[in-house]
Structure formats: C-alpha cells, structure tokens
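Peer 1: So the chains spell out like this:
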Amino acid sequence: MVVVTHPNARLNSIEDMLVVESLTKTFTLDDSDLCAVDHLSFRIAPGEVFGLLGPNGAGKTTTLRMVLGLLQPDEGYAAVDGIRTADDPIGVKARLGFVSASDGVYPWLSVREMLLYFADLYDVDPDVAIQRCQDLSRLLGIEALLDRRAGTLSTGQRQRVTLVRGLIHDPPVMLLDEPTRGLDVVGVQTIFEYIEHLREVGKAVIVCTHRLDEAERLCDRFGLLHQGQMRHIGTLEQLQSSTGQPHLVDMFVELMRAA
Amino acid sequence: MIDKPSRKFSKISRIWRLCQKELKETSRDRRTIVTLLLMPLLVYPLLSMAMNRYLLTTDSSSDVVYRIGVGSDSEGNRLDAMLSSDDAQPPEAILRSRGGEPATFSFFNTQQRSDGPPLSPVQALERGLVELAVAVRPDEEGSTTISIKSFAADSNSLVARQILVERMQWLNLALAERAAADTNANFRPPVNVELDEVGTPKDSPILATIVPLVLVLMTITGAVYPAIDLTAGERERGTMEALMASPVPRFYVLLAKYFAVVTVALLTAMANLLAMFTTLWLGGLLPLLTGGDSAFPWLAVLQILGLLVLFSGFFSAILLSLTSFARSFKEAQAYLIPVMLFAITPGMLSLMPGVQLTGPLAIAPLINIVLLARELLGGTVQPAAAGAAIVSTIGYAAAALAVAAKLFGSDAVTRTSEHSIASLFHRPRKAADVPSPQAAALVLALLVPIYFVLSNLLMQYLGGIRADMLGDAAKLSEIQSANLQVQSMILSAAALILVFGMVPAIAAWFGRNRPVTTFRLRRPKVGTVIGACVIGLGAWAIAHEAFVIAEWFGIGGLSEERIAQTRDTLKAWKLVPPWILLATLAATPAIIEELCFRGFLFSSFRKVLSPVQTVVLTSFLFGLFHVLTGSALLIERFVPSTLLGLVLGWIAYRSGSVLPGMFMHFVHNGLLELVGHYHEKLAFLGADFDNQTHLPPAWIAIATSIATAGALIVWLSTRRSGNIDIQSDKIEDLRRST
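Protein chains in written order, with the numbering used here: chain B, 1 to 259; chain X, 1 to 738.
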C-alpha cells in the first residue's frame with residue numbers, strides 16, 4: 001500500500017471507499033457555458049454497487065473523469081480511500097480500476113502482453129501480475145485468447161479483456177462506464193457475473209449506464225442524474241417510496257417530463 | 001519495505017518493460033516494416049542504376065573529345081595542324097595549375113556525313129552533332145581568321161569554345177615570342193612561373209557531402225510513422241483514456257515511446273546506409289564515394305553510426321513533441337510535413353561548400369549536426385565545435401521531450417480538433433481574463449512575418465531617402481545624417497508599436513480578453529519599481545559580459561564589419577538630441593515589448609505553464625525576436641537579450657505586474673543610449689565601449705552589486721504578497737471578491 005502523503009488526506013471514515021462531494025464542472029463552449037456536473041455528492045462503501053444513471057449527456061462520464069483526475073473539477077472534490085484526487089493523483093489512480101465501453105486495445109500486442117503492460121503501468125510486481133493475469137483470465141473465460149493478437153478479437157472478447165485489464169492491479173474501487181454497450185445477451189451476462197464477483201470481493205463499484213432495466217437488476221443503490229444534477233438517490237425501495245413509481249424507467253420518464 | 005537499491009532497480013526494469021511494449025507494438029506493425037526495409041531495398045538499386053546512367057553520360061571529363069564541325073576537309077586539316085602544333089599547347093605552368101590533361105579535338109566535315117544528308121556546320125551545331133561550328137578563312141597577309149560559333153545552352157560547347165580560343169591565343173603568343181627573340185637577342189619573357197605545393201590534395205569525398213543529407217532524410221522517414229502511431233495513434237485506438245487513467249508518470253510513458261521511435265529511426269537509417277553501401281560496392285562505385293580509396297571505409301562507417309544515434313535522437317524528440325500535440329493521425333501528419341520540408345533545407349547545407357561548423361552555427365539546431373557529419377566524414381572537424389554541437393543537440397532533444405511529456409495526453413478526453421482550430425477565428429461572446437495559449441501561438445506566428453515585411457519596407461524607404469539626400473554628393477553632411485538617423489529612429493519606434501503593440505492588442509480585443517489581466521497592468525508597489533530601476537542601472541554590465549562570454553564560446557560575436565557599423569551608429573547617436581534617443585530607443589521598446597512579452601504572452605503561457613517555465617519561455621522568445629531584425633539575423637544579440645528577458649520575467653513574476661519591468665527596461669536601454677551619446681565625455685572614466693573585451697573588474701563588481709541590490713529590493717518589496725503572481729484560475733476569485 002502507498003503511504004498517505006497528505007496530512008489532511010484522510011477525511012472520511014473507512015466506510016466510504018469513494019466520496020464525491022459537491023463536484024462541479026462547467027465547460028466553456030464558444031458562446032455559452034455548459035454546466036455538465038452541478039454540485040454532485042454521493043458516497044460508496046466497500047462491497048456496494050452504485051448505479052449512476054441518467055440519459056445521454058447527463059454528466060455521468062464527466063463525473064467519472066473528474067474522479068479519475070482526467071478533468072479538473074471547478075468546485076468540490078472526489079476522494080478514494082480518504083485521498084483526494086487533487087492531493088495525490090497518482091495514489092488515487094492506483095486505487096481505481098476503470099473500464100469503459102469505448103476502450104481500445106493495442107492491435108499488435110497479444111492479449112497477455114497488453115494485460116502485463118497495464119500491470120506495469122499500475123506498477124504491479126511482474127510475478128504477481130502473471131499470476132493475476134492467469135486467475136482473472138480463468139474467471140472471465142479468456143484463457144484461450146491470451147496469446148491471440150488483440151486486433152483480432154471480437155467486440156465481446158475485447159470487452160472481457162478490458163474487464164480483466166481493469167482489475168489487474170486489484171483496486172478497491174471500480175468505475176464502469178457503460179460496460180454493456182454494444183454487447184449481446186451473453187456479453188451482458190458476463191458483465192453481470194463480473195459485477196457480482198466485484199461485490200463478493202468487497203469492491204466499491206460505480207456503474208454508469210442509461211440501461212435502466214439492467215441497472216435495476218445489478219445495483220444496490222442508485223443515483224438519478226439529469227442535466228448534471230442528482231435528482232434522486234437511494235435504494236430501489238427508497239426511490240419507489242419517494243417518487244411513487246414502481247420502476248426506474250417510470251421514475252425517469254417522470255423526471256424528464258418535469259424538466 | 002523494499003530496500004532502496006532494489007526499488008530503484010525495479011523502477012528501471014519497469015521503464016525497460018514499458019520500452020519493450022512500445023517497441024513490440026511498433027515493430028509488429030506492417031507499415032513500420034515497409035518504411036524500414038522495403039524502401040531501402042528498392043530505392044538504392046534504382047538510384048544506383050540512375051546514377052550509373054548519369055555517370056555514363058557525363059563521365060570522363062578529363063579525356064573528353066570536343067567535336068568541331070567544319071565546312072570542308074581543308075578547313076579541318078588547317079585547324080588540326082594549328083591545334084596540334086607544339087606552339088598551340090598550353091604552357092606547362094598553365095596545365096599544372098589547372099591539374100588537368102590537355103583537351104583533344106576531333107573534326108567533322110559536316111558537308112560529307114556518312115550517316116545523313118549534308119549539313120552546314122551551324123546546322124550540325126544546332127542539332128547537337130558537334131560542340132562548335134568553325135569557319136577557317138586565310139587572308140592575303142598570311143594570317144588566318146577563325147570564326148567560332150558555340151551553342152549557348154550547352155555547357156560543353158562553351159567549354160570547348162573557351163579552350164579553342166585559349167589554344168589560338170597560345171599559338172599567337174608563341175609565335176610572337178619567337179619573333180621578339182629573333183629581332184632582339186636579349187629578349188627574355190618578363191615573368192617565369194614555377195609551381196610547387198604543400199599538403200595533400202583535399203578532394204572532399206562525396207561521402208561527406210551525401211551522407212548527411214541521407215541521414216536527415218532517412219532518420220526522419222524512419223521516425224515519422226512510429227512517432228505518429230505511438231502518440232496520436234493512442235487516441236485513435238481509444239487507448240489514451242485508459243493510459244492516462246493509470247498511475248504512471250507521463251514522462252515514463254513518453255520515454256518508452258521515445259526509445260521505440262529512436263530505435264526504429266536508427267534501424268531505418270542503418271538499413272538505408274547498408275543498402276546504399278552495398279549497391280555502390282556491387283556497382284563498383286565505392287571509390288567514387290570515398291574519394292578514390294578503394295578500401296572499405298570502416299572508420300567512416302563507425303563515425304556514421306555515431307552520427308546516426310545523434311540524428312535519430314534529435315529527430316525522434318522533435319517529431320514526438322509535435323505528434324503529442326496532435327489529436328489524430330491526420331492532424332499529426334499535417335504538423336510533420338512542414339517540419340520535413342524545413343529539415344531538408346539545412347540538409348542541403350551539406351552540399352554547399354565553404355559553410356563550416358563554427359560560431360553560432362555550432363549550436364544552431366539541425367544545421368550543427370549536418371555540418372558535424374560533413375566535417376567528421378571529411379576529416380576536418382574541430383573537437384570544440386563538435387562538442388558544442390553534440391551537447392546543444394542533446395539539450396534540444398531533451399527540451400523537445402519535456403514539451404512532449406507536457407503535451408502528451410493533456411486533453412485525453414475532450415474536444416475534437418475542429419473545435420479548437422475554428423475557435424481561433426471565431427470571436428467569443430464571453431469575455432476571458434487571459435488569452436488562450438493557442439491565441440498566443442497565433443500571435444507569435446503572426447509577429448514574425450509582419451515584422452519582417454514592415455522592417456524591410458522601412459529599410460527600403462530609408463534607403464530611398466538616403467539616396468535622395470545624397471544626390472551627387474559622395475557623403476552625407478552631418479546635418480543630413482543626423483536627420484536621417486532621427487527619421488529612422490522614429491520610424492523604427494512606429495514599426496515596433498505597430499507590430500509588437502498592435503498585434504497583441506488586436507488579439508486581446510478579438511478574444512475579448514480583459515486588458516488588466518491580459519497585459520498584467522496591476523499597480524505595483526513603489527519599492528518594486530525602485531528595485532527594478534536599480535537593477536536596470538546595473539544590468540547593462542551583466543548583459544555586456546554575457547555578450548563577451550557568448551562571443552568567447554563562439555556564439556555570436558562581432559565581425560569587423562559589424563563593429564564598424566556599430567561605430568557608425570554610435571557616431572550618429574551623438575548627433576541626435578538625447579530626448580529623441582530616449583523616446584524611440586528606450587521608452588517605446590520598454591512599454592511595447594513589456595506589454596507583449598511580459599504582458600500578453602506571459603499571462604497566456606502562465607495559464608498552462610509553471611512560473612519558471614513561463615519566465616524561461618518568454619525570455620527565450622524575447623531573445624529570439626531580438627535576433628530578427630528584418631534583413632539580417634543578429635545572432636550576437638541572443639544571449640544578452642535572453643538574459644535580460646530572464647531578469648525582466650523574474651520581476652514580472654514577483655510583482656505580478658508588467659510595470660516595474662517597463663521601468664527597468666527603460667533605465668537599461670536609456671543608460672546605454674546616454675552612454676553612447678555622451679561617449680567622449682565619459683572617456684575620463686577609462687571606458688572604451690568599442691572594445692569587445694571584458695569590463696574592468698571594478699566595473700563588474702560595482703554593476704553586479706547595484707543589480708543585486710535592486711533584486712534584493714524587488715524581492716523584499718514583494719515578499720509579503722505571498723504567491724505574487726496570480727494564477728489565472730485565481731483571478732476569477734479575486735475578481736468576484738472585489
């Protein structure tokens with residue numbers, strides 16, 4: 001484990017593995033400002049799967065990018081394991097696993113080479129990396145692909161490789177951005193099993209998606225995001241009682257109509 | 001806990017593994033292999049065939065036979081008899097000093113052709129069948145008139161004409177000498193010439209000429225594709241976001257990429273050179289390349305390998321810094337094409353005789369290594385200059401890599417290229433505090449051509465006025481030259497305002513940048529201004545010393561001609577009223593240059609760079625613009641101006657304002673001009689300003705203490721304001737709270 005360098009870094013209880021507090025980002029377009037994320041706050045405990053839900057352009061990806069330190073927030077902060085992104089970006093990145101549907105692969109490397117490359121990027125000991133590579137490949141059923149060139153993989157195979165890549169350094173927090181985009185039924189099922197696995201091993205997980213039916217089956221808690229603002233947050237029961245709607249889809253239709 | 005050495009070792013082995021990945025990735029790419037192997041395998045045999053063909057048609061210049069067309073056999077015989085007589089042969093001294101064999105001529109009677117209809121000699125000349133058409137007419141007095149017609153567009157014909165004319169001249173001369181000796185027994189030729197030489201003949205082998213150019217072309221060719229693929233390609237493959245999300249220092253990633261690009265560039269150039277040598281060796285052309293030596297040039301090959309590392313290292317870093325900036329393959333290609341064209345120009349330098357690796361050229365990027373390659377292979381290299389070239393090149397490569405590491409993945413997740421380019425030409429509706437770095441880059445790009453055009457127009461105009469004033473007189477009168485000097489000073493000041501004042505001003509207006517924050521017009525503390533003025537009083541000595549030291553290192557330095565010009569300028573200064581001097585050469589530059597460099601550019605760069613980087617970059621640009629003067633490059637101004645820029649930048653950073661720098665700039669310039677104006681009156685101090693040597697130690701000590709005292713005042717006066725230079729993101733807060 002990396003030693004926490006900042007004296008005030010440990011701000012929150014261990015219970016919340018990921019803390020997002022008042023996070024705000026405004027993009028300056030040519031003629032106007034667009035507030036993509038507006039004072040967003042939520043917390044996630046280890047072993048919890050949190051669904052960050054919203055239509056396209058709600059600010060889901062921007063939020064994840066600020067957590068990752070790829071974008072600087074205008075206001076607020078994100079902290080992983082008590083460390084703020086702004087204080088120790090490298091330390092935070094080391095604790096995050098990130099999987100996005102748009103992630104590419106290095107076409108000329110074999111799957112194994114690519115996984116070990118990412119292990120090196122995350123500074124995993126080479127011997128440990130080889131072992132983890134084996135274990136995770138078995139878990140996600142890509143053992144047969146390990147020596148194939150990444151450029152020859154199908155979409156579903158590629159997505160599974162990306163999932164293994166996100167876990168290669170055994171991070172306590174996983175960020176999944178639209179993990180089921182472009183996948184068939186079998187592919188989606190793999191993702192579900194993967195997330196189930198993450199819950200079992202005690203990871204704090206954010207799943208960003210606009211597939212509300214999937215989210216309902218997957219997540220422990222939900223945050224409904226619309227135009228950069230958190231409109232509702234809680235478990236399904238809490239949301240049902242506060243909105244009076246039986247399903248997430250209905251809640252969203254209601255939400256967007258009101259807007 | 002892991003102990004330190006093994007931790008360090010694991011860091012190195014991690015970077016090594018990162019390097020291996022990049023190398024694997026690029027070496028498995030078919031397109032890399034094409035440039036690496038296919039090109040040299042095909043290009044050189046083809047090139048060699050073309051070269052052989054060329055050599056066959058133009059070769060053997062020593063035993064070439066010039067064909068002369070005549071109208072009849074008798075004319076031919078007569079001319080032949082004249083040319084082959086001993087009297088018509090060039091004298092021994094002439095032949096030896098030219099180092100050649102006498103040329104031979106053959107004669108054709110064009111009226112009796114075996115392979116076609118009869119032609120007049122001129123017709124044969126026009127058809128390229130002969131080099132010269134000659135008519136031979138004896139006249140009654142026993143003399144012969146030879147009329148020669150040559151073909152103006154054919155260099156062989158012109159050479160033949162010259163040789164023929166000379167031969168006839170030797171004939172005349174020999175006969176005249178003999179006649180003189182006949183009439184006067186004491187006749188001796190007035191001059192006898194004897195020839196001798198020292199040293200060995202230096203024919204610079206083609207190797208030294210052609211290899212540098214090949215190195216430039218081939219290392220670029222080799223580096224271009226991997227450089228684009230490993231940087232802009234990450235974005236295109238969709239791996240950039242994952243890469244940037246990983247906790248690896250960006251510099252490691254870039255170092256690994258650099259390693260791969262250098263390796264491919266190195267291999268490409270080696271493959272090319274191997275193919276080149278093999279083709280030449282097989283074609284028996286190797287002696288041609290090495291200047292007559294038929295042995296395989298092992299030393300040269302070793303030297304070339306060393307040079308290759310230097311070239312690949314340099315180009316790979318430059319190309320990476322550009323491709324890191326690009327967001328797509330296409331954009332990267334668009335950036336690289338001008339660079340490649342630009343790089344060929346210095347490459348051509350190696351074909352030009354007489355350019356040597358000395359002075360400023362030893363540290364001029366790219367030019368220095370091209371010249372180093374040529375001199376190394378030609379065996380004429382100077383160790384000091386070679387050292388300067390190598391060290392400065394490593395410095396440039398390191399700087400380019402640092403830039404690349406800064407740029408690479410800096411906006412991994414946002415924006416398309418269209419957005420950023422279009423926004424430059426589209427006036428925003430919202431005001432901004434400071435100009436964007438793109439706007440600053442555009443301003444810089446505009447400053448160069450506008451300044452060039454304007455200052456050249458100015459010089460033409462002044463030249464015209466001078467010519468008018470001069471009329472038929474040989475020299476301008478004192479009043480006239482003072483008049484001219486005043487005009488030129490006022491116009492130069494106007495040009496400065498138009499270019500360095502107006503261009504940033506228009507850019508700031510167009511970008512709706514708030515003037516106070518853009519030009520950093522904050523009110524400084526009185527103490528800071530005083531301190532800046534005091535620095536200005538002492539800084540000239542430091543600038544002078546920098547100038548002398550730079551000259552000592554061979555960077556800049558003044559030619560005799562330049563010193564004479566400086567003397568003239570000083571003389572002219574004495575004729576000009578001091579207030580005009582101060583207004584045009586001190587006040588205007590102080591205000592305008594500070595607003596441009598420590599205002600507009602400083603605030604813009606500060607948005608993305610650290611204070612140190614901003615100060616260094618603005619002073620480098622400040623130095624560079626002092627080198628450009630429109631017509632000539634005054635390289636000797638670079639070091640002192642950059643140093644001055646560093647001091648001004650530091651003051652600007654400490655004070656958060658452009659104003660104290662203006663005062664220092666004014667005091668510094670003004671002091672120099674007043675010294676120039678009152679030159680003689682200051683002579684009692686023992687100063688000799690024409691002399692390009694170090695100042696007396698006492699002077700240096702005094703000036704340095706003054707400057708140090710000034711710096712101390714500036715530091716003390718700005719000490720309590722904490723982070724003195726307001727960062728752009730904090731300006732907003734400041735503005736809101738007030």
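Source of the hints: derived by calculation from the structure; they are not laboratory data.
Treat the hints with care, since some could be wrong.
[What the hints assert, rightly or not] Listing some non-contacts, in silico: residues in chain X with all C-beta distances to chain B over 10 Å:
| id | residue |
| --- | --- |
| 1 | VAL248 |
| 2 | ALA300 |
| 3 | PRO346 |
| 4 | VAL448 |
| 5 | ILE591 |
[Said to hold, decoys possible] Pairs of lysine to aspartate or glutamate, EDC-like flavour, derived with a Cα cap of 20 Å:
| id | chain 1 | residue 1 | chain 2 | residue 2 |
| --- | --- | --- | --- | --- |
| 6 | X | LYS24 | B | ASP147 |
| 7 | X | LYS330 | X | GLU236 |
| 8 | X | LYS430 | B | ASP74 |
[To be verified] Some residues of chain B that are not near chain X, with every Cβ distance over 12 Å (derived):
| id | residue |
| --- | --- |
| 9 | SER22 |
| 10 | CYS35 |
| 11 | SER41 |
| 12 | THR61 |
| 13 | ILE90 |
| 14 | ALA94 |
| 15 | ASP103 |
| 16 | TRP108 |
| 17 | LEU121 |
| 18 | ARG149 |
| 19 | LEU175 |
| 20 | ARG199 |
| 21 | SER242 |
| 22 | GLN245 |
| 23 | HIS247 |
Ideal Cβ placement from N, Cα and C applies to all residues, glycine included.
Peer 1: Indicate, hint by hint, whether the structure satisfies it.
Peer 2: Now the hints, each set against the structure:
Non-interface status of VAL248(X) relative to chain B is broken: a Cβ of that chain comes within 10 Å, the nearest being about 5 Å off. The beta carbon of ALA300(X) sits about 36 Å from the closest Cβ of chain B, which is more than 10 Å, so the claim that it is off the interface holds. No beta-carbon of chain B is positioned within 10 Å of the beta-carbon of PRO346(X); the least distance is around 34 Å. Listed as a non-interface residue, VAL448(X) keeps its Cβ farther than 10 Å from every Cβ of chain B; the least gap is roughly 28 Å.
Residue-level check passed: ILE591(X) sits 32 Å from the nearest beta carbon of chain B, beyond 10 Å. Distance check on the hinted pair: LYS24(X) and ASP147(B) sit about 14 Å apart at the alpha-carbon level, within 20 Å; holds. Restraint check for LYS330(X) and GLU236(X): satisfied, since their Cα atoms lie roughly 10 Å apart, inside the 20 Å limit. Our distance criterion of 20 Å between C-alpha atoms is met by LYS430(X) and ASP74(B), whose separation comes to about 18 Å.
Distance check on SER22(B): its Cβ is at least 16 Å (rounded) from any Cβ of chain X, clearing the 12 Å threshold; non-interface status holds. Residue-level check passed: CYS35(B) sits 14 Å from the nearest beta carbon of chain X, beyond 12 Å. For SER41(B), the condition that its CB be more than 12 Å from all CB atoms of chain X holds, with the nearest at approximately 22 Å. Under the 12 Å C-beta cut-off, the non-interface status given to THR61(B) relative to chain X is violated; the minimum distance is some 8 Å.
Against chain X, the non-interface label of ILE90(B) is violated: not every CB pair exceeds 12 Å, the least being about 4 Å. Look at ALA94(B): its CB is around 4 Å from the nearest CB on chain X, not clear of 12 Å, so calling it non-interface is violated. The Cβ of ASP103(B) does not lie farther than 12 Å from every Cβ of chain X; its closest approach is about 5 Å, which violates its non-interface assignment. Remark: the non-interface label on TRP108(B) conflicts with the geometry, its nearest Cβ contact in chain X lying 4 Å away (cut-off 12 Å).
With a least beta-carbon separation of about 4 Å from chain X, LEU121(B) fails to lie farther than 12 Å from that chain, contradicting its non-interface assignment. The beta carbon of ARG149(B) is not kept farther than 12 Å from every beta carbon of chain X, the shortest such distance being approximately 8 Å. With a least beta-carbon separation of about 9 Å from chain X, LEU175(B) fails to lie farther than 12 Å from that chain, contradicting its non-interface assignment. Every CB of chain X lies more than 12 Å from the CB of ARG199(B), the least distance being 22 Å, so the non-interface label holds.
No Cβ of chain X approaches the Cβ of SER242(B) within 12 Å, the least distance being about 34 Å, so the stated non-interface status holds. Residue placement check: GLN245(B) keeps its beta carbon more than 12 Å from all beta carbons of chain X (closest about 34 Å). Distance check on HIS247(B): its Cβ is at least 32 Å (rounded) from any Cβ of chain X, clearing the 12 Å threshold; non-interface status holds.
Taken one by one, the earlier hints fail for this structure at numbers 1, 12, 13, 14, 15, 16, 17, 18, 19, listed in ascending order.
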